[in-house]
Amino acid sequence: MDRVLRDKKAICVFILPALILFTVIAVLPIFFSGYYGMLEWDGIGQGTFVGFKNYINLFADNDVFIKAIKNSFILAGLSVFIQLPIALLFALILAYGAKGENFYRTVYFIPVIISTVVIGQLWMKIYNPSYGLLNTFLRSVGFESAARVWLGTAETSLMSAFVPIVWQYVGYHMLLMYAAAKSIPGEIYEAARIDGASHMKTSLSITIPLMQPIIKVCVTFAVIGSLKSFDLIYILTNGGPVHSSEVPGTLMFNTIFHKFMYGNGSAMAVFIIVECLVLTVIIQRLFKVEQITY
Amino acid sequence: MKKAVGRIVSLFVALVIVFSLAACGKGHTGKPSGANDAAHQEAVIKLSLWHLSNSDSDTNKIVKENAIKTFQEQNQNVELEVDTVENESYKTKIKTAIAANEAPDVFFVWGAGFAKPFVDAGKVLPIDEYLKDGTKDKLLPGTLANFTYDGKVYGLPACMWIAVLYCNEELFNGHNVKIPDTFDELLTAVKAFRANGIDPITVGEKDRWPGMFYQNIFAIRTAGVELSNKALNKEASFDDPRFVESAVKLKELVDAEAFEEGILGLSNDEAQANFIQGKIPMFYMGNWAASQMEAESSKVKGKVVVRNFPALAGAQGDAKGALGGAIDGYMVSAETKHKEEAVALQKHMCESIDTGAYQAGNALPAWKAEVDESKLSPLAVEIANVAKDSTGFVLAWDTFLDPAAADVHKNLVQEIFAGVKTPEEFVKEMQALNKE
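If you read the sequences in order, they're chains A and B.
Using this note's numbering, the first residue of the first sequence is number 4, and each one after it goes up by one.
Using this note's numbering, the first residue of the second sequence is number 598, and each one after it goes up by one.
Mixed in with the good hints there might be a few duds.
Unchecked claim - The calculated DSS-like cross-link candidates involving lysine-lysine, where the alpha carbons are at most 25 Å apart (straight line), are: (1) A:Lys262 / B:Lys827; (2) B:Lys1032 / A:Lys262; (3) B:Lys688 / A:Lys262; (4) B:Lys643 / B:Lys688; (5) B:Lys1025 / A:Lys262; (6) A:Lys128 / B:Lys896; (7) B:Lys1025 / A:Lys70; (8) A:Lys56 / B:Lys1032; (9) A:Lys128 / B:Lys876; (10) A:Lys70 / B:Lys1018; (11) A:Lys262 / B:Lys1018; (12) B:Lys713 / A:Lys262; (13) B:Lys688 / B:Lys713.
Rather than coming from a laboratory, the hints here were simulated on the basis of the structure.
Model the full assembly from the supplied sequences, consistent with the hints where possible.
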């Protein structure tokens, strides 16, 4: 086996198929998008080359795109500071060996398995102004004035659309963190317990520090996922009303497929990719403290 | 090089989308079950046909299936590959397929602005020479207008449509309200229903186009059919007091709380369901909504009457103009290998669907058809009468304008509904589109 791994040719042969596939499916399209972003093109006829005009237009006199980016950062903030702490809490409780560990693990993971379209429909019914669960509840407990047209008002549509997104992936991050917590060797806890450490103390000083690599992964996923979010927003509000819940993904889709502005849309796509790459690097840097091992 | 690379990538994108969409659509070949085997052995010509899918409850589904079946019976040497998807997905699917030179031989399409990029790119077959066999005489006058580009005909209409104001007579009579013929009566009706705790009008403004209907019809009332069409053709300015008035009237209606609460989050299907549930007295929508109102499960069956949109006293436009026209049709791909057969299929589909849909009470005819009107549903006859009384038609603006402008237009109307744009800003930004 060692001999094979030292043989450069063998390495090439084994890597090549995956590399070709990856290049053709993931890398090349990014460069093509970058090129299309420099065209003024309706996606059907011949495009004309306009240089960086589309990229500049994304920010010059385009409040909607800037607003969409802002919205996606709000979502990223919610994911990191609300979704992940909840996931971490659940993971710690479950990993500690709470009663019905398997049952709850499955329950929390269910939203991740359900199709996004189904979740969208579910929450649309919850938010429905006349018969929705939320308004019905508010009315029945006497908060008549708090009942809203959640998805149909510019003030509430953004947050209303973000709640299901944050909710859906709690289970996903919980599972990652739970697996990490479970893989910490039991001896460490034993030693800590002999020294008289409480549950709180072991969680804070042992479990969370040792979970650091996976927390980094979770933060990266949460941020990237938020920046390129599309599906639930598309179903719930389609970016409306009047662009109040627009994210770069929905805007890009509408620009390409409803407005036939392929060049502009591609420029947005490239921006999203670059934005995600830059943030990934930043997150990696932020977590680049020394690895903790015991 | 650029072209080749572009083709490969767009083909790839197209394939991904087409496969994912095809998985949702109900693909089936249109072979008639009763065709004999001998004829099948001769079947050498394969034609692909794409059109919109309909829900099972929609009577248009049967109309289209019949059209395909009769074509198969008359042309046993042709084998049809039929593919259908739902409305919004279809728009994406057909665009992608045409961009990738993978267009089906015959396909459903909307004329005017929607198909313009296809025609401009030379992907659609001009059919003038095929129409000399008397086909032109079978069409009602003016119905080819939206399929004619630079003097050449590229498609045929498969129906006419008109938007009408559906009124739930039971609610009107129950609360002693007069069905409105004028804008003032409309406002009176709105107040009366509001006082009784009933939402007067519903509109699915989440989808944006249903709300656009209101501004468009107001423009017919305030500016008229001729000026509307001229402005859409960039021959007249939108920045005109008469167009400002169209937005002002819409704003008046919004401010009078004429519309149901939460319309900005309501899709057209949900809005229509609310009307069919019998909860809402008024609904301004295309004639296609009629068949569902007359369906067995409908709570408003037999209770709906239709009117043209209320007239506006003192306005300079057309009090009897209507929103509508012949925009749905079929086109033939320029790449098709069997031009004769494809055009024959196109003609057959258009004429057969046109007559069938009229008979079923789903559409108005664009072809001269012999239809026994006594067999039509009363609602369909009423709608046909509104159309007959109309002095002129303007298409829904989003189908007339090119796609980018249409998107801006729908957003602008939504902003009036949301109260964030003034009527003056509305017309200025509409005119800015004309100058681009």
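Comparing the hints with the structure gives:
1. Between the alpha carbons of Lys262 (chain A) and Lys827 (chain B) the distance comes to roughly 22 Å, so the proposed pair stays at or under 25 Å and holds.
2. Taken as a hint, the Lys1032 (chain B) and Lys262 (chain A) pair is honoured in the structure, with Cα atoms around 17 Å apart against an allowance of 25 Å.
3. Of the pairs offered as hints, the one joining Lys688 (chain B) and Lys262 (chain A) holds, with about 11 Å between alpha carbons and a cut-off of 25 Å not exceeded.
4. Between the alpha carbons of Lys643 (chain B) and Lys688 (chain B) the distance comes to roughly 24 Å, so the proposed pair stays at or under 25 Å and holds.
5. With a CA separation close to 20 Å, the supplied pair Lys1025 (chain B) and Lys262 (chain A) stays within the 25 Å bound.
6. Note on Lys128 (chain A) and Lys896 (chain B): the hinted pairing holds, with a Cα-Cα distance of about 22 Å set against a maximum of 25 Å.
7. With a C-alpha separation of about 23 Å, the suggested pair Lys1025 (chain B) and Lys70 (chain A) falls inside the 25 Å cut-off, and the hint holds.
8. For the given pair, Lys56 (chain A) sits about 19 Å from Lys1032 (chain B) by alpha-carbon distance, which is consistent with the 25 Å threshold.
9. Annotation: proposed proximity of Lys128 (chain A) to Lys876 (chain B) holds, straight-line Cα distance about 18 Å (limit 25 Å).
10. Among the hinted pairs, Lys70 (chain A) with Lys1018 (chain B) is consistent with the structure: their alpha-carbon atoms are about 18 Å apart, no more than 25 Å.
11. Using a Cα cut-off of 25 Å, the hinted pair Lys262 (chain A) and Lys1018 (chain B) holds, with the two alpha carbons roughly 21 Å apart.
12. Only pairs whose Cα atoms come within 25 Å are accepted, and Lys713 (chain B) paired with Lys262 (chain A) is accepted, the gap being roughly 13 Å.
13. The suggested pairing of Lys688 (chain B) with Lys713 (chain B) holds, with an alpha-carbon distance near 13 Å, which does not exceed 25 Å.
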